[in-house]
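2 protein chains.
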Amino acid sequence: MSEAAPEPGSAPSLTEALWPDPPRTKRGPKPRLTRDEIVSAAAATADTDGIDAVTMQRVADVLGVAKMSLYRYVPGKTELVALALDHALGNPPALRSGPWRDRLRGWAIELHRRMSAHPWSLDITVGTRIPGPHELAWFEEGLLALRETPLDGSQRLDVLAMLTFHVRGSAQQKSGSDRPEAELAELLGPILATHSDRFPETAAAFADRVDGARRDDAFSFGLDRILDGVATLTAE
Amino acid sequence: MSEAAPEPGSAPSLTEALWPDPPRTKRGPKPRLTRDEIVSAAAATADTDGIDAVTMQRVADVLGVAKMSLYRYVPGKTELVALALDHALGNPPALRSGPWRDRLRGWAIELHRRMSAHPWSLDITVGTRIPGPHELAWFEEGLLALRETPLDGSQRLDVLAMLTFHVRGSAQQKSGSDRPEAELAELLGPILATHSDRFPETAAAFADRVDGARRDDAFSFGLDRILDGVATLTAE
DNA sequence: CTTAATTGCGTCCATTAGACGCTTTTAAAA
DNA sequence: TTTTAAAAGCGTCTAATGGACGCAATTAAG
Chain E
1 MSEAAPEPGS APSLTEALWP DPPRTKRGPK PRLTRDEIVS AAAATADTDG IDAVTMQRVA
61 DVLGVAKMSL YRYVPGKTEL VALALDHALG NPPALRSGPW RDRLRGWAIE LHRRMSAHPW
121 SLDITVGTRI PGPHELAWFE EGLLALRETP LDGSQRLDVL AMLTFHVRGS AQQKSGSDRP
181 EAELAELLGP ILATHSDRFP ETAAAFADRV DGARRDDAFS FGLDRILDGV ATLTAE
Chain D
1 MSEAAPEPGS APSLTEALWP DPPRTKRGPK PRLTRDEIVS AAAATADTDG IDAVTMQRVA
61 DVLGVAKMSL YRYVPGKTEL VALALDHALG NPPALRSGPW RDRLRGWAIE LHRRMSAHPW
121 SLDITVGTRI PGPHELAWFE EGLLALRETP LDGSQRLDVL AMLTFHVRGS AQQKSGSDRP
181 EAELAELLGP ILATHSDRFP ETAAAFADRV DGARRDDAFS FGLDRILDGV ATLTAE
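Quick note, the sequences are listed as chains E and D, same order.
Quick note: the first sequence uses full-length UniProt numbering, first residue 1, plus one each step.
Quick note: the second sequence uses full-length UniProt numbering, first residue 1, plus one each step.
In short, the hints are calculated from the structure, not lab data.
Small disclaimer: the values here were computed from a predicted structure and weren't measured.
A portion of the hints provided could be inaccurate.
You can't tell identical chains apart in this list, so a pair holds if it fits in one copy or across any two.
Only pairs whose alpha carbons sit at most 20 Å apart, straight line, appear in this in silico EDC-like list of lysine to aspartate or glutamate [unchecked claim]:
(1) Lys77 to Asp123
(2) Lys30 to Asp224
(3) Lys67 to Asp52
(4) Lys30 to Asp228
(5) Lys77 to Asp52
Construct all of the structure, not just a fragment, from the sequences and the given hints.
Here it is in structure tokens:
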């Protein structure tokens, strides 16, 4: 929430933070750190102990510097976290052949894998954000896959948004546990048992799921449904 | 993160908080507040000033009591927020007739409306949560709509999850602004202009969207795609 | 060699959520 | 009616947080 612009620039600091300009004057002491070191440290901390463990103090400790030193490299915590997110996302896989459906499927699966690997990324991708370079690269890659379809640009964006929502939602559900559905069912069990009269369908559906010993593949189920839906549209 | 159980119950406090038991011994001074008053105050505060404005202090001020008094009604802030969410969600609409597709569509649209009306609800529905009574009621309603389909319980749950993800994601994007896409395009404009060589497809797609003067209906676009996909499955 | 930009960071502050324990209220038990 | 103990209200205190500010040390440009 602070402005770190040395010049009277009009862009918000978040944009500047994510899309930095190289200008490097050569006066003054040499920086002891790199912005990238800080971002990596923040991401690593989030990976091991969750996003709440990422405090300026802790990141500074990891790097062996004082807390306030970080502010020479990063305008604030918000920006640091945004950078860590883009760092965790990384570059999209480049699959430039095959039919759009397979490509898009691979795209979504890989995105899901990345986000699941950094569950904290889900906690912070909230609201209208400014995408970082890697995030935009993912978008670009997804749009490339849709190029052979008759969809217009707007529809293509909508398709990617839809896929992103599904990836995010699915990854979110499984964050923190590797058998999320079983866990949820366990949590819900007592509640449903107590109020089975109020929620008969829900109780039945969960019983069904447990009996069927289904694995956690709500993600791919939904993914296929979505791709079916898009296919229906492109076929028109 | 604290345990408020008067008895040595084994359930986590969140469950107890969301699914309270009426036991009301009649000793001691009469409570000056209701849990519901507190929850309403918290939700109202979040509605007007965002989730960050919801502090125990502020809620207490609104109600004219001391901060620590709230802890007699609510185990902690986490639980208060969970309660506020369920409060904001409210009961699902009861549309018990018509084909499953229309019912599900109405269900999703209404859910979208509610969540958009309380944008803060999106910031806090993260990870595996314990659903409150209202949330479960929505689930129940959604499952009811799917009863006429040949899908099994597990698939029905997956469909609802998918829809929920889409609703959440869409509502999230538009939180904080009523023309989110235009806003995003504005934010992205300078970036894309600067790096149009790296993101040609993205630039083109956004240009397409702006030219087409499309309104913000990524939500219903995706919703129809999803329902198409489900229809494909049920038709098999 | 002088100068000015730039770094590292110590100090300070405002805000949080929450623990703990005291006092007061009030219904149940004697 | 008196005694008793459960429960409510909440003042006080603590630890953690993000961040403003300004000073001293560093180092390249002039």
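Indices of hints not satisfied (ascending): Violated hints: 2 and 4; rest satisfied.
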